[in-house]
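All chains, please: the whole structure from these sequences, using the hints.
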Amino acid sequence: MPGSKALHGRGPLRSPWLGNCRVQVPVTDAPRKRRTQSLGHYGVHHVQGRNTTTASNAVTVKYIARLAGQEMRKSLLQRRSVFPVDGEITVIQKPGGGKQVRTARYPAETHPLAREAAQNAVDPVRLQPVRRSAASTYKQSVALASCGGYCFTGDFYPGGASYALPVTRQRPHIVQRFSGEKVGGPERFGCRRVRHQRKIFDKKKAERLSYSGCFERHGSNLYVSVSLVQGEFDIPRYPFYTHATKLADMRYSALSIFLNGLRGNQSWKPAWREPQPKSHYDVIIVGGGGHGLATAYYLAKEFGVTNVAVIEKSYIGSGNVGRNTTIIRSNYLLPGNNPFYEYSMKLWESLEQELNFNAMVSQRGVLNLFHSDAQRDAYTRRGNAMLLHGVDAELLDRTAVRKMLPFLDFDNARFPIQGGLLQRRGGTVRHDAVAWGYARGADQRGVDIIQNCEVIGIRRDNGRVTGVETTKGFIRCAKLGLAAAGNSSRVASMAGLKLPIESHVLQAFVSEGLKPFIDGVITFGAGHFYVSQSDKGGLVFGGDIDGYNSYAQRGNLATVEHVAEAGKAMIPGISRVRVLRSWGGIMDMSMDGSPIIDRTSLDNLYLNAGWCYGGFKATPASGFCFAHLLARGVAHETARAFRFDRFERGHLLDEKGQGAQANLH
Amino acid sequence: MTSYRLDERGLIDRHTKLPFTFDGKHMTGFSGDSLASALLANGQQLVGRSFKYHRPRGILTAGAAEPNALFTVGRGGRTEPNTRATMQELYRDLEAKSQNRWPSLEFDIGSLNSILSPFLSAGFYYKTFMWPSALWEKLYEPLIRRAAGLGTASYERDPDAYEKCWAHCDLLIIGAGPAGLAAALAAGRAKARVIVVDEHAAAGGTLLWETATIGGNLAADFVTQTLEELRSLRNVRVMTRATAFGSYDGNVFGVLERVQKHVPEPVSQKPVERIWRIATKVALLATGTEERPLVFGGNDVPGVMMATAMRAYLNRYGVAPGRRTAIFTTNDSGYVLARDLESAGVNLVAIIDSRAGSTFPYGGKARVLRGAVVTDARGGRLLSSIDVSFGRRSENLKVDSLAMTGGFSPIIHLACHRGGKPRWSDERSAFLAPETTRGIMLAGAADATDGLAGCLANGAARGAAIAQELGFRPFPFEPGIVEGDVPAAPARPLWSIPGVKGKAFVDFQNDVHRKDITLAVKEGYGHVEHAKRYTTNGMATDQGKLSNINAVGLLADARGVAPAAVGTTTFRPFYTPVSFGALTGAHTEGHFQPIRKSPLHEWAKKNGAVFVEAGLWYRSSWFPRRDEATWRQSVDREVRNVRANVGLCDVSMLGKIEICGKDAAEFLNRVYANAFLKLPVGKARYGLMLREDGMIYDDGTTSRLDDGRFFMTTTTAYAAGVMNHLEFCSQALWPELDVRLASVTDQWAQMAIAGPKSRTIVQKIVDEEISNGSFPFLGAKEVSLFGGQLRGRLFRISFSGELAYELAVPAGYGESVADALMEAGSEHGIQPYGVEALSVLRIEKGHVTHNEINGTVVPADLGMGKMVSATKQDFVGKAMVSREGLVSPDRLRLVGVKPVDPRASFRSGSHILTKGAAETLENDQGYVTSSAFSPHVGSTIGLALVRRGPERYGEEVVVWNGLSKEFTPARLCDPLFVDPENEKLHV
Amino acid sequence: MASLVPCPHCGMRPKEEFTIKGAAIARPGSHADANEWMDYVYLRNNPLGTYDEYWHHTSGCRRWLVVTRDTGTHEISASCDVTVAVKTGVAA
Amino acid sequence: MSEYRVTRRSALGSNALRSERICISALPEGHVIQVMGKEGGPDLGAFLSEKIGGGAKFAVRIAAPFQWYVVGDRALSPEETDTMLDTLHPHAAGVDQSHGRVRFQVEGAMVERLLAKGTGTDVSVEAFPVGHSTMTLIGHIAAHVTRVGEHAFEIMVLRGFAESLWDDCARMAQEFT
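Heads up: the sequence lines are chains G, L, H and Y, in that order.
Mapping the first sequence onto my numbering, position 511 (from 1) lands on 527, and the numbers just tick up by one.
Mapping the second sequence onto my numbering, position 185 (from 1) lands on 788, and the numbers just tick up by one.
Mapping the third sequence onto my numbering, position 37 (from 1) lands on 241, and the numbers just tick up by one.
Mapping the fourth sequence onto my numbering, position 82 (from 1) lands on 88, and the numbers just tick up by one.
Be a bit skeptical, because a hint or two may be false.
In silico DSSO-like links for lysine-lysine, alpha-carbon gap of 27 Å or less [as the list claims (entries may be wrong)]:
{"#": "1", "chain 1": "L", "residue 1": "K1281", "chain 2": "Y", "residue 2": "K44"}
{"#": "2", "chain 1": "L", "residue 1": "K1481", "chain 2": "G", "residue 2": "K514"}
{"#": "3", "chain 1": "L", "residue 1": "K1568", "chain 2": "L", "residue 2": "K1518"}
{"#": "4", "chain 1": "L", "residue 1": "K1568", "chain 2": "G", "residue 2": "K672"}
{"#": "5", "chain 1": "H", "residue 1": "K291", "chain 2": "L", "residue 2": "K620"}
{"#": "6", "chain 1": "G", "residue 1": "K488", "chain 2": "G", "residue 2": "K285"}
{"#": "7", "chain 1": "L", "residue 1": "K1265", "chain 2": "L", "residue 2": "K1481"}
Examples of chain Y residues lying across from chain L (beta carbon under 10 Å, computed) [what the hints assert, rightly or not]:
{"#": "8", "residue": "M7"}
{"#": "9", "residue": "R11"}
{"#": "10", "residue": "A17"}
{"#": "11", "residue": "R27"}
{"#": "12", "residue": "D49"}
{"#": "13", "residue": "G51"}
{"#": "14", "residue": "F72"}
{"#": "15", "residue": "A98"}
{"#": "16", "residue": "R119"}
{"#": "17", "residue": "G124"}
{"#": "18", "residue": "Q180"}
The hints are simulated quantities; they were obtained by calculation from the structure and are not laboratory data.
In this text the structure is predicted, and so the values were computed from the model without any measurement.
The beta-carbon is built from N, C-alpha and C at its ideal position, and this holds for glycine as well.
Shown next, in the form of structure tokens:
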């Protein structure tokens, strides 16, 4: 079968942007080393295959380019049969022209420009380099490409060294970064001008490089994926993007679904590769859950670190990212937590467009009910803390809650509802899709996701980690990041670390499918219960942890009953709804209820743990901040409070005020 | 509509007709029918629409795995969506409605989705609906949500009762089929405590439609006899309509008993459903097998049915599946059905046997096509024909009903709920139960035993062996000779049928078809868990009972590996869905949590109290008078009256702990941060209890009644926690200390009598002299009351800052004593006051409660740093309280706060910002912990935790409440608003 | 376990009668240094496998117990009164 | 105010619920003495039964290890209580809980079934013989349960919860009335 060949690395290279390039130069060790050096931080992506004809040293770099100028947009629109242009297009003036940046929003199909463009083919699409992240010190994205013909051009600035590729038709342009992307938190990007980068044109080197690539559009960004394969190989004699189906493989859109549908859905390609581990990585992340995959994704995308492996003992997403109640919110109280979770929320809000994967981020609101004056005061304090940080919050009284959710128990309740704290931007996300989206995004950027590979030891030398022993052998790494959630203590103990963490089981549940019953997320204030309804119709709900240390991913009936009691106390009408399934996740309950994203006492060992049962909503920011820490060695601004030594020093982050007892958080 | 009722056959009572409606259509069934059998008897084969494509669907099974025939039953608060017609017993006037169709079952607009199906492949929604992002919540998602889901639930309150029950036994047998009944008899006769549960209305399992005889008796008669004997045994309990839904730690099984789901109108004395938690020494799973569907095109067209189901409808309910029937089989069981169909006079057209080499000695009339497969079933709302392919030939057969059997998989869910991994058996092409799961054994078909005789013998042997193992003397049980049974040897698996053209469904309810599975593999979601999550296969209400095994087979084929390498998804509770109502039991509405009442509750009630929930207690909030329009008026009056005259407040809910033993003082010295060793007898002292991390846990006063006896009070909220903590300290930390603890919270009714006139009033009922000289501030002693009628405990402590007493009397006398105090105080203007006034009084004095002691403050934060003993060698919290972060001068510390303009007010939970500072979290200076209108000060006052607070008295700040858009200029001040020198306490 | 917990005084009891505190570890003596306290208050071995935990039979005999449990299987291998545990060194 | 006559309010009044198969009735609010012996000390059961239980059947129940309840139907005067507590010295410490604990009796053929609706303790006569007592949860409320006959149990509960537990038991009994 075609699938299995690809999975096992036989046949043509499957990296989506490598297309069907055939590499003709066998790999030897010596030149690989040299090339690694010459290519600096990007490292060399060693693709190992069983068939020598496919072995190659490939450099995979991903660029974000931007359309510049009117004719470029037209040109793009004209090719909309292959580019799924149906949303927002940013028009950026050419450098030297006006300084205005403006955004036009329109569906391509309906806009007159689109129709016009469809009739007038205009010459080359010119792609403009942009600096990806204002905060980034890695000049990863200052690249340049032109694709009117069949070639890209580009500059690479890895770690200070620069290389240029031959420019065939168009001269490069440098344009400004558009400020449309709001990352939020303290790292709000302004409209910045990217400094014109010094280019070193090393013709000798450049000529030896060949490349292939494809377009991807994310919001107002046009991405160009470039893969460089060293040596000679066949480049298709036609622009790759004329292959509609091939593009559709890579890009997900209504169009790609349509085109694939017409072809009997035979052309879809794997969402991620299944590589064998390399012998060395710049960064190894232990844990292929949401946090680990997000970390790898942001490492590659934001910080230019692509020689990364994510090591997962089971299948990706087999941990808590695939077994939670899918809630996202940023209604946190403490200044050490609130900006972080809000940053996460901002990342959620642009996640799907960024990942080109619909994770069904659905902001239908999160309402925390309160039933007493003391709870109202606590929510007032929390809501105000949110507002002070620019997070949306509303305090509803009983009447307002009743108007919004008339089906709650307002008449016979043991603890009558007095009101609620509402965050309208809170909501739910399809949890599995988060893992898959990040995995796909990371994989596309060259990250190796290695499943069914369990870490069984951490090799150390002189206060540094040298690599991990796994069920697939020893793998060296320059830096090791642990993102093992409920198994953090076990993994950390391999490096001789003891953590302020206990692993506890938290159960979650789903009911049979129902027609729309509950719109947003509601949490009960007089018991342990929270509920939302999935897009499939099941009520997804949960309660408190079972309370005892456990690695078993399953809980107890007493807790199930406890949760159901609270559920019916909140919504009497739920009585005859049937619960379909229960499951358990292992929570890394920290001793103050807040996470740790920090270095450890070992030089190059980094820890991301202690998420208690709030890890899912934190996934994007956790990944981003952990990547930040791994890449730069310093904490991201929003994660500064998540220090390992806070327990020792007494700077605790205890939202609930429960103290050093893990099962109370 | 071709299915029909036979004139005879079956275990139904043809004399008792039961009218019912389906989608408003009037129909009639018989007593003993299931809703499904009654529908089939009425020729109603189209029963539902599928989830995604809205394809017409018919009844597929006769049991718990039914994916299609899900109806909404009942109305109003009794509306029950997604009820499986196969498990629902028919009752008079039952109302059933089909689901997920619009406008009607016959004409469903949603079926257009079927045409779009190429574009609705597995996981299509992950690839689209991303642009523009704002439309997701507004357009795409609501459409998806409306299209998804099954039945519609009611928001109405459920009128019926539920309950929970425990049971304990030696042997729990799950499944009352041949193996279960045999095991029950064997173990029951041996005198073991046995509970048998079966999910169906009648015990018997497959015996109810078995045509073989046992010991010369009809199978059904064997069931009757066995049950009779079991019911005669005191140590055996047989529960029908009882589904074991989960297996939990400690060998506890969750069982759902449907007590009144089969009656038109439940009686109110009984629950409609009851959850049993059964703790058993050994559980025997005699759960039988699940028959596997075959994955051919159109295998979901109404008229296609599982072979065993067809046999059950025929033999148990007397319903024929159609006028022209065919059987598509992979094993010998198809021929048994053929025999039964023909004996019932059903026109059997053909038997399509996938095995070319089958040699079953079939003697019937139907054509037998060996080495043949059904590739496609045709028809819209009813099966019209099937395409049969054999060798290179293919043929279209006109049939209106088709039975399919792909073999049998043991039902092993409960054996795997506790984490056991099922084992793949190549021989049976099925997963078998894990080798060892403590306390769980299997019997009969679930244990991979073939044939009726085998199952009976196996069950009997298991029952006897378990009884013996548990120490009972075994009692032989021989089930008798079985005749007429055809043991079906394991089927060779047939995962992929070549030549299929139409949609071949794997998960019927979730509309997952064969191509979805292969697509998942193609896209990299080939792991069995990924495939499940990506395609939603196995996530339907049947939890993959029918679909999982075929999905595993197809995944194995697509990946080119063995099914064993694919593995299976995790079996998790529940085996079948369980209602919230049942899981909740009686703990609903007002009974959600117990009610705890003060001994002075009735006193407060007759004095007009408005009550508020405080934990499980009801406390009196305030005592309104007729002329008062708002609660504030009442509270202001109560506060003023305490400061001017005297008030009486019920403080019985405070935790009260008696601490005895010769080391009691040393013990207290270790649990409190401040010193207690030298507290004199007859004195009370305020104590601060820390957690081991140095934060304040609770506060309260503790009095020394005599040398070795102390009386501690705790806050209401932390009473239970403090008791647990003290027990931990005495039992786990310092068992060497001679300390004994007794909770006496409920023994005493305690009332605070506060105000300048309190002494006069208290003296009226206390026999001893209580002048300031003889009973000064912080005095504590036992007193005689009413001329020796009663003994109580009197404490001169004050939360209000006024001259005040707390009087404790035995709870039963509380109300009478309170009445006496009211009477004694009437001439001095005594009034009851509630927690609201209590709160105002304490805020005026800067006294803290758990509003301030919120688990993140250390004593120094509240200005009580000096209380923390520097000299004591050890006390809980000593080691950690001096950590850098906890002694930082930058911490939030307690201050008072007052609005600049007395007419202005603010609320608790508001934050404090430096005047003129930007409104950002970085500039946050703290927050208001408590606030109230103080009649004494004449404005709102508050307590706040503010960065470097006490250094900032006099500073103007903004009390920031963005939630209510109130930004109140205010000034920080000393938290003592009333009587700063505490003179009133000592008068 | 955890559905039913053996109380050495009361026999098998449902989980809901108990309160769980966490790792059964010995409290440092009064002269212990900061590291020992850090270890006691915050750091946990949190193993997969056998684990000693403090359980309180709150709605029963109100004794604190040391329950020895496997965190992977939930099976309880021992349960004894805390004073017995302290004496025999289980919780030390 | 020595002329004022204090009166005692009983927590359950003289409530009773009677039917053929089940009967629930409040017991007199007499005395309940919580006796706390020394950990590891002697079993005071026999001593208590004789000295302060007056030898009455079921007067002394085990409350917890080294702890007992001595109960009786007769209310004691403060002096009598003192005497009783003094008797305990130095073997044990006593605390008067006569007002803090409320007792009622559940009896009848269905009594085990009724209790099984509340408690996870095995109340079959084999596991819970006459005279045996234990503290356990009944529903959400902790109570002290003593088997006082083949089909009769005494339930002792904190005064504040007495009404609530009574109501719960009455609801559990509905099916049998």
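Cross-check of the supplied hints:
no., hint, in the structure
1, L/K1281 x Y/K44, "holds (24 Å)"
2, L/K1481 x G/K514, "holds (23 Å)"
3, L/K1568 x L/K1518, "holds (16 Å)"
4, L/K1568 x G/K672, "holds (26 Å)"
5, H/K291 x L/K620, "violated (73 Å)"
6, G/K488 x G/K285, "holds (26 Å)"
7, L/K1265 x L/K1481, "holds (24 Å)"
8, M7, "holds (5 Å)"
9, R11, "holds (7 Å)"
10, A17, "holds (8 Å)"
11, R27, "violated (12 Å)"
12, D49, "violated (16 Å)"
13, G51, "violated (17 Å)"
14, F72, "holds (9 Å)"
15, A98, "holds (8 Å)"
16, R119, "holds (8 Å)"
17, G124, "holds (8 Å)"
18, Q180, "holds (5 Å)"
Checked against the numbered hints given earlier, this structure breaks hints 5, 11, 12 and 13; the rest are met.
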